[in-house]
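Engineer: These protein sequences, in sequence, are chains W and U.
Quick note: the first sequence uses the numbering used here, first residue 1, plus one each step.
Quick note: the second sequence uses the numbering used here, first residue 1, plus one each step.
Certain hints may be false.
To give an idea of the chain W side of the interface with chain U (calculated C-beta under 7 Å), a few residues [said to hold, decoys possible]: (1) Ala57; (2) Leu59; (3) Ser63; (4) Val67; (5) Phe83; (6) Ala107; (7) Ala110.
Chain W stretches covered by chain U per the calculated footprint, using a threshold of three residues with CB under 8 Å from any CB of chain U [claimed, not checked]: (8) 9-18; (9) 92-105.
The following residues of chain U were derived to be distant from chain W, with all beta-carbon distances above 12 Å [as the list claims (entries may be wrong)]: (10) Ser48; (11) Ala69; (12) Leu148; (13) Trp251.
Derived by calculation from the structure, the hints in this document are not laboratory data.
Virtual Cβ for every residue (Gly too), placed ideally from N, Cα, C.
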Amino acid sequence: MAPTSGSPIVSLRGVGKIFGTGTLALDGLDLDLRECEFLSLLGPSGCGKSTALRIVAGLSEPSRGTVAWRDGADARRHIGFVFQEPTLMPWATVSGNVFLPLKLAGADKAAATPRIMETLSRVGLADFAEAYPRELSGGMRMRVSIARALVTAPRILLMDEPFAALDEITRFKLNDDLVALWRELRMTVVFVTHSVFESVYLSQRIVVMTSRPGRVSSELAVDAPRRDAQFRTSAEYAGYCRIASEALGRAMSAGAGVAA
Amino acid sequence: MNERALRILAPAGVLALGVLLWDLIVRINGIPPYILPSPGLVLSTLVSDWPILWSSLLATLETTIEGLALAVIGGVGLAVLFNQSRLIEHSLYPYAVILQVTPVVAVAPLLLIYLPQQAAVLACAWIVAFFPVLANTTLGLNSVDHNLADLFRLYGASRWQVLRELKLPAALPQMLAGVKIAGGLSLIGAVVAEIAAGSAGAGSGLAYRIAESGYRLNIPRMFAALLLLSLAGIAIFALLSWLTHLALRRWHESAIVRES
């Protein structure tokens, strides 16, 4: 069973972001992140999805609007972030990379080792703890990156197009593993993607965004309990993909209209 | 012939050919040793004058290594300081450049007036050697992966943690490249200062021996000392290359042998 989604833990209201160059990346974005949900932000490149994610993470300040945390701003510390690139430290081993968030919090390596190993086995890399990132494939590096985000047991996992650079076989496998992790760990996942198929396969809720400026165009609930190979080939999946594609198409033409 | 043998045999062949040609020219033209000594005479002078040359070599090497050590400490220290404070960077960087672009040959006689001889020689070695360490380390500290920097920010890393865990390791390859250049430059600085000091009639290093032998028309000893200087330079470069390899072999692209 999928975990049931609860009340919003983060609420963005009227969030806008103007960069120094004058680019209006986001304008009037309203978005709730609910407890334990798997949410995808779907939109064309440059629609401000990543900017929205960075604002939630506190890596970027909104130019206007508010970001409200249900449990106070301190809850922001329970965030894991996975970038588009694996973003590993090449000079550190796999376990050293996964240890990083704990190390920065002042943990001792020996004491943290069981937790590091447990997290590594969760992503299927228990045998590679002492390998260096350059010795791993792209998919394995991304797994290390996910393990690093999970090692602090975050309540919210933010993922910025993490699988975009991977081949399809690896991506499918990582999608399956991510769904399994989400069910097991009962956390909120916000997944930024420009792939309709990926968003439908993974999420309970898809928020489609327009570009220039980025704001919510429409929202779509994907109400399918099973996420496996059977779902991927089902008529139900194809149906959801068609709806999401149409929504994305509308969002893009609306965006183009604004641009013109 | 395999690549490795070629890399040793080809330059060795050139050397043998060059020495042979040198010897032939001296013999056929009957050139007197005070104009151009034969290679055999240079070698026998190297052996017969070994006590003097050896102590001079040690003196020069000592200055070179001290100059290099101070250059590494000063270069890395200044680079870190510049990285931490824009004010200090803007205040001091122009002077670091001035120190670098002013020819050390012209500065050495002045330093010899104001400083004790040994200190002046060391100062010259330092002046020419520290800039590549400073420039390269600065470049390294500033080219940290932005996403990694964001990650450190996300986990609330302190300034000190960012420096120690992220910036310094990330800058290590560039820093070591700077040190490799500085090794050779430190030797040059020491030699220049010794020659300047030698013309004032004092000194004990190899370059002083060269100057002194020049005045005495002891050309074979000049050649022997020059040979030792070259060998010292090669040894310093080889040692620093080896240290760089040891430090980077596990993770940096430059140290990886690719199989094709």
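Engineer: The structure should be examined with respect to each hint, and the outcome stated for every one.
Structural biologist: Hints, verified against the model:
| no. | hint | verdict |
| --- | --- | --- |
| 1 | Ala57 | 6 Å, holds |
| 2 | Leu59 | 5 Å, holds |
| 3 | Ser63 | 19 Å, violated |
| 4 | Val67 | 15 Å, violated |
| 5 | Phe83 | 5 Å, holds |
| 6 | Ala107 | 11 Å, violated |
| 7 | Ala110 | 18 Å, violated |
| 8 | 9-18 | violated (count 0) |
| 9 | 92-105 | holds (count 6) |
| 10 | Ser48 | 50 Å, holds |
| 11 | Ala69 | 24 Å, holds |
| 12 | Leu148 | 6 Å, violated |
| 13 | Trp251 | 5 Å, violated |
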